[in-house]
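J.: Chain order of the listed sequences is R and S.
In terms of my numbering, the first sequence has 202 at position 202, counting the first letter as 1, and numbering is strictly consecutive.
Throughout, my numbering is defined as the position within the second sequence, counted from one, plus 1000.
Misleading hints may appear alongside valid ones.
In silico lysine-lysine, PhoX-like type, Cα no more than 20 Å apart, as pairs [as the list claims (entries may be wrong)]:
| # | chain 1 | residue 1 | chain 2 | residue 2 |
| --- | --- | --- | --- | --- |
| 1 | S | K1086 | R | K223 |
| 2 | S | K1834 | R | K22 |
| 3 | R | K262 | S | K1086 |
| 4 | R | K22 | S | K1186 |
| 5 | R | K223 | S | K1834 |
| 6 | R | K106 | S | K1086 |
| 7 | S | K1090 | R | K262 |
| 8 | S | K1201 | R | K395 |
| 9 | R | K262 | S | K1621 |
| 10 | S | K1213 | R | K22 |
For the record, the hints were derived by calculation from the structure and aren't laboratory data.
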Amino acid sequence: MTAVTFIHCADLHLDRPFQTSKLPPEILEDVRKSAYVSFSRLIDRAIEEKVDFFLISGDLYDLEHRSIKGQLFVKKQAERLAEAGIPLFIIHGNHDPLSETVREIKMPDHVHVFGPDTASVLYEKDGKAAARIYGFSYASRRVDENPVQSYIKTYQADAPYHIALLHGQEKMEEGHDPYAPFRLKELTETPFDYWALGHIHKRRVLHRGPAVVYPGNIQGGHKNEQGPKGGVLVTLAASEEEVTFIDTSPVDWHTVRLTIDKLTELDGLFAAAEEKIAGTVTAGKSSIIQLVITGSGTLHEYLSTPETEEEVLEELRELFGRARPFHWIGSLTVNTVPDVDREREKEQQTVLGDMICAAETFRENPSLADDALSSLYGHRTARRYMESLSPEEKKELIDQAERWLLTRIVKEDGA
Amino acid sequence: MIITGIEVYGFGKWRSQSFTPEKGMNLFYGENEAGKSTLMVFIRSVLFGFPRRSEQFEPLAGGDFGGSLTVHIEREGKVRIERVRKRKAKGDVTLYFPDGRTGGEEDLTTLLEGMTEQVYRGIFAFSLQGLQGIESMNAQELNDYLYDASLSGGQSLLACEREAEREMQQLFRPRGKKQPVNEQLKRLQDMERDVKEKEEKAGSYADLLGRRKEAEERLARLEQKKDQIQLSLGRWERVERLSPLYREYLALKESSDPDLTFPDRGKEKLEQLQKQRHDNTEAIRRGEKEAAKLKEKKTAFTPVLPREKAVRLEARAVELNKRSGVYQELVSRQAGIEQERSISAGNMREIEEDWAWSRQDELLQHRDTTKTSRQRMKFLTDEVEQAERRRELAVKEQGRLNSAKEGLKKRMASVEEQILPLDQERAYRQKLTRLAEYETVKKKLPEYKAKLMSGKRSAGRIIPAAGAGMIISGAAGLFTGEAITGTGALLTGLFLLLYTTFFSRFGNTGDSSDQEIRDELTGWERFDKEAAEWPVEEWRRALAVHEENVREKARTQHLLNETESHLSIAEKEAAEAEKLQDAANDALMEWAIQAGFEPGRGYRQYKEMVNDTLEWQEQYKKHRELSSQLDELNKEQQSFEADVNRLAEEAGINEEDRQAEAPAVLTSAERKIKDALRAHRESETIEEKIRENLLRLKSAEEELEKTQTAVRQLLTSAGAAGEEEFAEKEAAWQKEKQTRKRISDLELEMRAISPKTSREKDLEACIRWGEAAESKREETGEIKKETEKLVRETIEELSLTNQAIEELEEGSSLEETLQQFELEKESLATSAEKWAVLALAREIAGRTKEILERERQPAVLQEAEKLFERLTDGRYTGLYAPLGEESFVVQRHDQIRFEPASLSQGTRELLYLSLRFALALNYGKEVSFPIMIDEAFVNFDSGRRRRVMNVLRELAPDRQVLCFTCHGFMIDEQPGLRPVYLNPQPEKGAVSR
């Protein structure tokens, strides 16, 4: 059996706007181009590696916004692949279902876009069957059925390798709409050699032998899509499978946490931030950093006013300047607390202790907070523009509220 | 807990100070800056740790930083708490228990039942601050304030709640418009609309593509139609222009006679021929006239020399002319050579006269002056000269030697005179020897005399001593050059020595020797007297002179002998040289005769003679050469002159003129020859001209004939009998020609308007439509304009559609709006989060308050009610907190209820204190903490203050109260109390630890 190599990526979400606080125009420009750059780098790599074919497992476009530009861009990249004689296999996902793609934009002949029913294509290498590739595209925005059976039904044992493109949700994975749900076990019990998944934005190799791979999206779009992004370079050979991550995202998101526990001077904080950030970012790549300051100590009081918070953020941004690749401090969250022995306060039933107890009650049951938040979060207009809060987010808010109160109640006047 | 001892090691201005408070009320009095506040901080610091910025309390005078408190706690008894600042910022704490145990921070926490400074200050510390501003609070504020006091002793739970509420309101209101979040929402709505609009546009992409296709097709159709209309319009324009032309064309065709002919350009041709005829006649007349003129001219040239001769003579003249330059040079060279020759002759004469040689050129010429002869002569003269010089030298030496000999002889005679006669010399020497002997003995004489006198024998010692002395002086004499004296002394010395030796061995050894010595001594004494009268020095000098002269004589004799021998050598040399000279002279003579020189001259003369002869011979040779050169020159000159003369004669120069200088003759001859040649050339030219003229004449006559023939032919071709008829025919022809030209022009014009392909149809249309073509053309023009307008509109539409498509494909507009939309959403999320934190804080604060209200407030209120009644002297009897209202109601003794806001300032303050005291008294489990009052009541009037103080004392007899003040009246008002005066002067108040 001759080996086959290919690049597998998914969730391009070209044209998806970035969820970020205000950015300087030149950085915003880079960020806006980033998904396009990442994809074209993957194409570069495919041509460079002379792969056999290229797979995209859905959500090429963020079609909520009808990405004509995105489709034209993909067409251009597909033409590059066609020139290099590399076929491109595409399935569409919940974001870019067949019903919403712009049919006027025609892909070159080397591109195979799977239809709404699971089907397969035989890939031949030097006149011999080398792999059979399976897949289906979302006809509309929702596909709720478990798709695994449809793959098994179309299976034809006429090629050395069987590769399935599937855009959907493994039931254990969280944080995405549960479309085309399936269980990992169902996949590993099939005769397929490689499951080229899409939909989950975090890169995961769920299983080896056969490989079940979410390559993640190709470019982080907000603070929760952290670290390097790209695609995977896969080699299937008789005895082994090799899955290598290809880092192509030009801009990475990072969260950097700092503690003020042992710091007494602001300079120390800046130095620590610089060091920590330098240790986090990838050399040669740009990054947007969410900086979180925690701990307690002498700097707490200074940091606990909104004005100083703003000043520190400005200072930190200055520190990294406007060089390229850029390292932009996207946000600064000050989560420092005054030096309070929570247990003792609780034990002593002081006002502080009672307050901590009250906050804990909320933390244990975050939905208690809903009433307090409903006037904004449930606001007729506002809720259209805001995501509903997850329990974690609520807990985080409760923590902040508790810190807000602590800081005010424990205000030393030294005299 | 009662603080029974305060010991400051060092804290702020305090150093080594101790206080011993008691249970119940304690009054600490100190003026401003006495250190009251510092002492209060000290107490709290020992209990709860040094404050964060404790540097300000570091002892001013140095030393340990800290101190200790001794407290009495029921459970434990007396415990000393010591806190000193060492490593930890809080200070290092040590507890000393009564049973000897010690403890640390944790034990202290247990001891204090986990009390924190925060809580302690909130509940147990009273200051002026707490009461400040109560008078000016509005109802709500007062309520909140009192409420907080009842819950936490002043901690701002309620204030937090209110602050959160306020900030929330500032951020967002559900029905607000100006709050940031509300504004954001408004912006988002606008943006969303914008996004929708742009998305809809994106949705129309397919439609746009369709429209573009349709527009492109429509445009193509219109363009096609436009082309057709253009064609038709062109046709009508052509027909319109063609019509009048075509009409004229047809009319002219009718009037033309196609058969009419006339010679081409006949009129011009005839005129030309007539002119030619006239020219030919003129030429003939001119030729005849010229012939006569040339004939006359020819007779004027008759040359003097025949042509061939002149040419020959010219060549010779050219030859001679070349030689004429050489001739001139010869003449000038001749003078130079003649001068040189006379110089040579002069030189020869001079030499001849010098030597008085008669002019025997033959003889002188043949003298042998070859190099060999000259070398021989030189050798011989050198020989003679050398021999002569040798002889001269020898004779000179002879003279010198003879005079030397004479000198030596004279010297010999003078030396011999100085030498002493032999006997006299001998006498001097003997006497001097004897004297020398005596001089040796003389020194020893006294010794011997003495010995002789003592009877001891000392035989013969004088003589050997004298002998030895003589040897020494003799040897010395030999060395010093007194050879004779020295030798004498030496011999005498040896004799004396030998004599003594002999006698000392074999001689007498007895008494006889004494006699001898005595004799000897006597002899020497006599001699001494005798010698004293001798002229010893004179003898010595005479002897020295004598010896010198003896030596001189010997030397002179030797020199004389040498001179004699040299003299004889010199004589021999002179003779030999003379012989050689004679021989050389003879050889020289022999050479002279052989070489042709006169004999009998000295060798020096021969040297000169040879040189002069050589010179002469050279001059003679030169003279001869120059003479032959002159002969040559003369010959050449004569030949040239002869040649010139001959040429001149032949050229016809007369005898007389030929007598001039040759070059002048040559010049006149040349001129004559040139004149002759020129005459010949002129004559030839004229003849040539005559011939040419004849030819021209003949040709003109022929031309005339030809022209006449041509005229006749032309007339015939026009069908005219004469030249007049020819003119008539020509006029008719001109008219026909114009008609034909116009027809041709019209054809060209029509061809230019209508291309070949459409011409036939166009002409047909001309016939059919004629003048109606104009209106047809206008009609079509209108249709064309309309079509063009449609095309423009379609292009515009297409460009707009393309622009829209491009915009969508570029995606920038939608993308930008979306990104801005997203940024705004993110910004909303941030604001919302900020709002949420506040909302939750408010909620948590509320919950906390509920707990406090439920669990703590009732007991506090109960206590406070009692206190309030006591403090108001029974005027107010009730205090209530209606559930959930966060406010109080007070009831007067007459059952009337008031809100705190309607109370007087003083009563409000008392209410506040009641709540605060109640909280403090209710706080804690086992340990009842001391209350600290920092000037809290100083603004009360005296009566009320006293009452508050008394109530405090009575209500809590076991509770320690530490009251700090700088006001003397506080002391006065509490006569039962023993105040502690604070005077932080460490030196005076030093206590042992």
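J.: For each hint, tell me whether it holds in the structure or not.
T.: Against the structure, the hints:
1. S:K1086 x R:K223: 46 Å, violated
2. S:K1834 x R:K22: 17 Å, holds
3. R:K262 x S:K1086: 19 Å, holds
4. R:K22 x S:K1186: 18 Å, holds
5. R:K223 x S:K1834: Roughly 18 Å separates the two Cα atoms, so the pair holds.
6. R:K106 x S:K1086: Not OK: R:K106 and S:K1086 at ~80 Å, beyond 20 Å, violated.
7. S:K1090 x R:K262: 16 Å, holds
8. S:K1201 x R:K395: Judged against 20 Å, a Cα distance of about 42 Å means the pair is violated.
9. R:K262 x S:K1621: 138 Å, violated
10. S:K1213 x R:K22: Judged against 20 Å, a Cα distance of about 42 Å means the pair is violated.
When the structure is compared with the earlier hints, violations turn up for hints 1, 6, 8, 9, 10 and for no others.
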